[in-house]
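**Student:** For reference, the chains in residue letters:
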Amino acid sequence: MQVLYVRHHVRVFRFVVRLVRDETKAEDLISEVFLDVWRQAGRFEGRSAVSTWMLAIARFKAFSALRRRPDEGLDEETAGAIEEPSDDPGAALEKKDKSAMIRKCLTGLSAEHREIIDLVYYHEKSVEEVAEIVGIPQNTVKTRMFYARKRLAELLKAAGIDRGWP
Amino acid sequence: MNTINKQPERHEIEALLPWHAAGTLSRRDADRVEQALAGGRELARRYDLVREELAETIHLNETLGAPSARAMEKLFARDRRRGGRARRAASARSISAGASRSSCRASLRAPSPGRQPPPWSRSWCRRRLWSKSKVLQAGLRSPARPAKARLPSRALPRRSFNALTRSCRSTAWSRGLPSQPRRAMSAIGGRPADICSLRGFRILPNCDISAQFLL
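Protein sequence lines correspond, in order, to chains V and W. So the first sequence is numbered by the working numbering: it starts at -8 and just counts up by one. So the second sequence is numbered by the working numbering: it starts at 55 and just counts up by one.
Just so you know, these hints were derived from the structure itself, not from any lab. Hints may contain errors.
Pulled a few chain W residues facing chain V out of the computed Cβ check, cut under 10 Å [claimed, not checked]:
no., residue
1, P62
2, E66
3, V104
4, E106
5, E107
6, E110
7, E116
8, R132
Don't be surprised by glycine CBs; every beta carbon is placed ideally from N, CA and C.
The shape of chain W in the complex, shown without the other chains (with noise of 0.2 Å):
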C-alpha cells in the first residue's frame, strides 16, 4: 500500500527535478526533492542528466550571441517617428482645441441625435471641463480681471494676483531665499501647483488655448 502511494509521488518529484535544477522551485518543493535525492540513487543519476541538459541549454544560448546594432538603430528609429506623429497629433488636437472658444462651449452642450461633435471634443471636453465649467467660465468672461475669478486651490489667499507676487518676492528677499517661484512659494505656506494655476489663469484672458493646460 505504502509503495503504491509512493509511486505517483516519485513521479511528481521527477518532473520537478528540472526546476530544481535552475533553482526555481519554492522552499517547500525544493525541501521536498531534496529529500528524496537524499533517499534515492536513481533519482540522483537522473537528477545528472538534468543538470547536464541544463548545462547544454546554457551553452547552446550563449553562443547565439546578441542582436546587431542595426536592430537597436531600426527600433528607436521607429519610436522617434511614432513620437513625431503624436506629437504633431497632439498639437493638431490643441490648435484645434484653442481654434474656437465657441466650438469648445457647443461641444459642453447635450450633443443632439443629427450633429455628433467631434470624438476629441466629446471625451475631452466633456469629461474634463464640464466638472470645472464655472471656473473655466470665469476666467474666459472676465479678462479684465482674472484675480477675481475663484480659484480652485484652497490654499490660496484671496488676493490679486500682483498682490501675491509681491508678497512672493519681498519674503523671498528678506529671507535671503532665491527667487525662484518655487522655493519663494514654499517660504510663504503656498503650493507649486498654486503658482500653476495663477500662471494659467493669467494668460488665459490671452491665449484660448492655456485653458486646457488649466486643468
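One chain only, chain V, in its complex shape (with noise of 0.2 Å):
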C-alpha cells in the first residue's frame, strides 16, 4: 500500500482537490480512495492502467462527497463572478495577463467540465480511458471535452479576452 500510495498520491490528491475545492476534505477522501483500492485489489482485472482505476474510485467519491454538501452550487457563482469586470486597478492588471485569467477561468468551470480537461490535459488519459473513468460513451468524452472548451472560451471573452473561438 505505502508504494502505492507513495507512487500516486499526488495526482490522485490533486484530481479530488480540482472536484471537491477543499484540502482538509480532499485529503480524507483520497484516504478513503486508497483504502479501497486496497481492498478492492483483487478485483483489479489489469484491463486498464492502475491510475485509471483509482482515479474512477476517486471520481466516484468526490461526486459522492459534493451531492453530501449543500453549499456545492459554487460553480455558477464562481463564473459569475469572472463574468463581472471589475473596475479595481488589479483586475485590469490581471486581465493583460492572459495565463493567470486562463487558470483563474479554468477553476470557473463546472466540476465536470474540471474534471474532463484535467483528466485529458493534466492526467494524459486517452479518450477511452477518459470514458472508462467517467462511465460515458467515448463520443461523449469528445463531446464533453469540446464544451467544456466552449464554455472555458466563453469565460474568457466574459473577462474580456477573445480567443476568436468558437
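Hints are included, so try docking the two chains, each in its own frame, into the full complex.
**Tutor:** Here it is as C-alpha cells:
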C-alpha cells in the first residue's frame, strides 16, 4: 500500500481537490480511495492502468461527497464572479495576464467540465480511459470536452479575452 | 460533394486536438491529425489554443501541492487497525476451528434443516476438507503412527519421517551442504512442499489446529 500511495497520491489528491475545492476534504477522501483500492485489489482485472482505476474510484468518492455537501452551487457563483468585470486596477492588471486569466477561468468551470479537462490535459488519459473513468461513451467524452473548452472560451471572452474561438 | 464529406471529418479531427496535444492518440489518429494540421491554417491556430489550455491546466494542477503527512499517517493508522482486526478475527477462527475436533467433523456432515453450522465451517471445512478428508482422518486417527498415513505428495518416499530426516541430514553432511531442510531436500530430489507436509503430519497428533495448515 505504501508503494501504491507514494506513486499515486499526489495526482489522485490533485484530481480530488480540483473537484471538491477543499484540501482537508480531499485528504480525507484520498484516504478512503486508497483504502478502497487496497480492499478491492483482488477485483482489479488489469484491463486498464492502475491510475485509471484509482481515478475512477476517486471520482466516485468526490462526487458522492459533493452530493452530500449542500453548498456546492459554487460553480455558477464562481463563473458569475468571473463574468462581472471589475473596476479595480488589480483586476485590470490581471486581465493583461492572459495565462493567469485562463487559470482563473479553468477553476470557474463546472465540476463535470473541470474533471474532463484535467483528465485529458493533466492526467494524460486517452478517450477510452476517460470514458472508463467517467462512465460515459467515447463519443460523449469528445463532445463533453468540446463543450468544456467552449465554456472556457466563453468565460475568457466575458473576462475580456477573445480568442476567436468558437 | 467533396466539401460536404470533408466537413464532418474536419469536426472529428478538431475534436481530437486536445488528445493530440496531450500525446494520447493512437498512431493512426495522430497521423490523421498531423495531416490535417499541415493542410489547414485555421486548424493549426485552434491547435495553438489547445496547447495554451494544456499548459495552463498543467500549471494550475502543479500549484495545488500535495496532501499533508497527516493524510498519510491517518491512512496507514486505519490500515494498521484494519489489519489488526483481520488478524484477530483470523486467529479467533483458528482457535475455534481447533477447539473441538468433533465440531469440525460435525460440520463435514450433511447439514440438517434444523441446525445450521456456522458459515465459516460450512464454506471452509466442507469445501476444502471434504476432498481431502481421508488424508485428514488418517492423520487424526493414528496419532501414534503418523508416518504410515498416506501422504498427499507422490514425490515422497514411503519411509518413516525419522528415516527420511536422517537421510536428508546424512546426504547434506556428505555433500558438504548446509543443513537447512530446503537445500537438503533439493539435494536428494525432494520438494520443499514435501517438508511442509511432513512437518504438518508430525505435529498433527499433538495439535488439532495444525490440521488447517496442512491444506
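**Student:** A separate judgement is required for each hint: does it hold in the structure or not?
**Tutor:** Here's how the hints hold up against the structure:
1. P62: Status violated, d = 13 Å.
2. E66: 8 Å, holds
3. V104: 8 Å, holds
4. E106: OK, holds: E106/W within 10 Å of chain V, min 7 Å.
5. E107: 7 Å, holds
6. E110: E110/W check passes; min Cβ-Cβ to chain V is 4 Å, inside 10 Å.
7. E116: 8 Å, holds
8. R132: 6 Å, holds
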